[in-house]
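Participant: Here is what each chain is made of, one letter per residue.
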Amino acid sequence: MIVASYVLVCLAALGFGYRLLAGPSLTDRVIGIDGLLIVGITAIVLRAMETGEGAFLPVTLVVTLVGFVSTAVVARFIEGRGR
Amino acid sequence: MGPALALLGAALTLLAAIGVVRFPDVLARMHALTKASTVGVVLALLGGAVTLDHPNDVTTLLLAAALQLLTLPVAANLMSRATYMARGIASHVDGVDELAEHRASEEVDAGPGSAPAPDAPAHGSRVRRSGDDATQ
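Residue numbers (this note's numbering), protein chains in the order written: chain A, -5 to 77; chain B, 11 to 146.
For reference, chain B alone in the conformation it holds in the complex (with noise of 0.2 Å):
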């Protein structure tokens, strides 16, 4: 049952990284990352921890794959926030943004009172600089 479980985790590891290589998208390259490969880790992990004996390392491999699962998702977060709102990156967002909806409306709230010109402020400048690296 170990190696199976090796197995199926490197099987969805290498789908992991053929939508890396393939994906059109840096976001869609994040999507693909971080959702194959954190089950495919844990599965190989659990795998290890199957087929171990030693109490010490079938610990160890549990609490590699808790961190796993606590890290990856998070860190993924924090990569696809972080690209978005550099705007260095051509990102083809559809459909619902929240997030450019929830930066719109804390731009409004900010706006009259503390700034009379809306790209005046700190936060203005980083949307006034998207435009002008839309490169890759």
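The following block holds chain A by itself, in its conformation from the complex (with noise of 0.2 Å):
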């Protein structure tokens, strides 16, 4: 059930790099970054689960505050710059 999940997470990783890659705004490629640190998130908890090793659990705690305040702070960005 974990190989499914995985998968799965890799598939959706996909449409979210090809949302980076190729969205038309600068809000596009946010959205593309923000559902890969998504993705990355629920791969550090799909291995923990895997191994039930949780050396790498603090990252999603980190990977998440991160998320957050660099998203803020592109929107301020878009806000000010107009595009």
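Keep in mind the hints are simulated off the structure, nothing from the lab. On a predicted model such as this, the values are computed, not experimentally measured, just so you know. Please note that the accuracy of each hint is not assured.
Cβ-Cβ distance ranges computed for the label pairs, FRET-style [as the list claims (entries may be wrong)]:
# : chain 1 : residue 1 : chain 2 : residue 2 : range
1 : B       : 116       : A       : 46        : 50 to 60 Å
2 : B       : 65        : A       : 74        : 42 to 52 Å
3 : A       : 50        : B       : 117       : 44 to 54 Å
4 : A       : 12        : B       : 113       : 31 to 41 Å
5 : B       : 111       : A       : 47        : 47 to 57 Å
The beta carbon of each residue, even a glycine, is placed where N, CA and C say it ideally should be.
Two independent chains are provided; combine them into the complex using the hints.
Facilitator: Written out as structure tokens, the structure is:
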């Protein structure tokens, strides 16, 4: 069941990567980055469930906070820049 | 139970990715990402918290789930508001548009007293720029 979760998450990463590369506006690229961060968090959790070892789990906290702050900063940037 | 929750979370993340790829509008893509992937990542983190044994791992996963629930909608709100304000993107807002009404009422309030021309202040320059780069 964890292998099936890996497959689904990899397909999701392909979709988010397509939006990151091809998205016509800066907002689309931020959407792709956010999705890829979520995919990374899910992959870390799946790895911890597979091996039973939680050494990488604090990375999920760091990625969560860094993703929020970076999204807020890019939002201010878009609002001032106008595109 | 834990792997089933993780599988459900991964499926919701895949649904969010499909929506992000296929939806025609920026705000619709933001909608797909923030709804589905919030629930998806929280389900995956809860699945990990159910599966793992050590208290450090469980508390870390629960704290990460709580932070995701707090921060992802706020970040999506900031991004969609900035996108709407910048108007560099062809966004099709149907029906009730409360943000436009709010901005119009603000301009009426600030208009006759402070500025003679409605396009003169910095707020109006942002509005005027909206017509220039309507292309994507």
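Participant: Take the hints in turn and mark each one as holding or not.
Facilitator: Against the structure, the hints:
At roughly 56 Å, the beta carbons of residue 116 of chain B and residue 46 of chain A sit within the given window of 50 to 60 Å. For the pair residue 65 of chain B and residue 74 of chain A, the supplied restraint of 42 to 52 Å holds, since their beta-carbon distance comes to about 45 Å. Between residue 50 of chain A and residue 117 of chain B the beta carbons are some 51 Å apart, a value that agrees with the proposed interval 44 to 54 Å. For residue 12 of chain A and residue 113 of chain B, the Cβ-Cβ distance of about 34 Å falls inside the hinted range of 31 to 41 Å, so the restraint holds.
For residue 111 of chain B and residue 47 of chain A, the hinted distance range of 47 to 57 Å is satisfied, since their beta carbons lie about 54 Å from each other.
Checked against the numbered hints listed earlier, the structure breaks none of them; every hint is satisfied.
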